[in-house]
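Undergrad: Spelled out from the first residue to the last, the chains are:
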Amino acid sequence: EAGVAQSPRYKIIEKRQSVAFWCNPISGHATLYWYQQILGQGPKLLIQFQNNGVVDDSQLPKDRFSAERLKGVDSTLKIQPAKLEDSAVYLCASKPGQSSYNEQFFGPGTRLTVL
Amino acid sequence: RKEVEQDPGPFNVPEGATVAFNCTYSNSASQSFFWYRQDCRKEPKLLMSVYSSGNEDGRFTAQLNRASQYISLLIRDSKLSDSATYLCVVNIAGEGQGFSFIFGKGTRLLVKP
Numbered sequence: 001e002a003g004v005a006q007s008p009r010y011k012i013i014e015k016r017q018s019v020a021f022w023c024n025p026i027s028g029h030a031t032l033y034w035y036q037q038i039l040g041q042g043p044k045l046l047i048q049f050q051n052n053g054v055v056d057d058s059q060l061p062k063d064r065f066s067a068e069r070l071k072g073v074d075s076t077l078k079i080q081p082a083k084l085e086d087s088a089v090y091l092c093a094s095k096p097g098q099s100s101y102n103e104q105f106f107g108p109g110t111r112l113t114v115l
Numbered sequence: 116r117k118e119v120e121q122d123p124g125p126f127n128v129p130e131g132a133t134v135a136f137n138c139t140y141s142n143s144a145s146q147s148f149f150w151y152r153q154d155c156r157k158e159p160k161l162l163m164s165v166y167s168s169g170n171e172d173g174r175f176t177a178q179l180n181r182a183s184q185y186i187s188l189l190i191r192d193s194k195l196s197d198s199a200t201y202l203c204v205v206n207i208a209g210e211g212q213g214f215s216f217i218f219g220k221g222t223r224l225l226v227k228p
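If you read the protein sequences in the order shown, they are chains B and A. Take our numbering: the final residue in the first sequence is number 115, and no numbers are missing along the way. Take our numbering: the final residue in the second sequence is number 228, and no numbers are missing along the way.
Hint data in this document are derived by calculation from the structure and do not stem from the laboratory.
If the Cβ cut is set under 7 Å, some of the chain B residues that face chain A in the computed set are: (1) Gln-41; (2) Gly-42; (3) Pro-43; (4) Leu-45; (5) Asp-56; (6) Tyr-101; (7) Glu-103; (8) Phe-106; (9) Pro-108; (10) Gly-109.
Ideal Cβ positions, reconstructed from N, Cα and C, are used throughout, including at glycine.
With the hints as extra help, turn the sequences into a complete structure.
TA: Spelled out as structure tokens, the structure:
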């Protein structure tokens, strides 16, 4: 079974530029998450989708971050404009169903460096 | 108080040693609990779920204490390959349909020959 795919794997941009990340979850997984993981920290949830609807975006900095999952499959996360403190690994994860006991599967992440 | 707290370590142990990590959580309404393992520059992967009755998977034992709001992970007979960061994860019901996974910062384990 194919895992969660993410691209690009690495991105270097200058502050105030824009960047977008793409995620393709495991086939059939209704729930999709975007996390931000700063070096030395655990992943921090940015946004959670159930199919194409947003379930939780309470920690998403909405003045600069946006995400969508238009057809309930692939998702994109955008940062516009980027700040130095956005340097982190952006992890996408998916899981089947809504049960709290389901395992979530992570993609390899996109490592963003903002200069 | 932070939602999920872990000792960041590192825990330096010799091969064959037994090591234990604890994790405390602040939300008494937390539904489910997990330990994830994260290798350097890799994504987190599920190590084991933590059940109320405690559970064991080979050399790994996880326990949950709801009254004191902590979970633990015990690793017996440590191997060099156990060196990694262990993330405590708590699942909390959100306001909508879903559940939010709250991660601790992780505990780093270094197993030495």
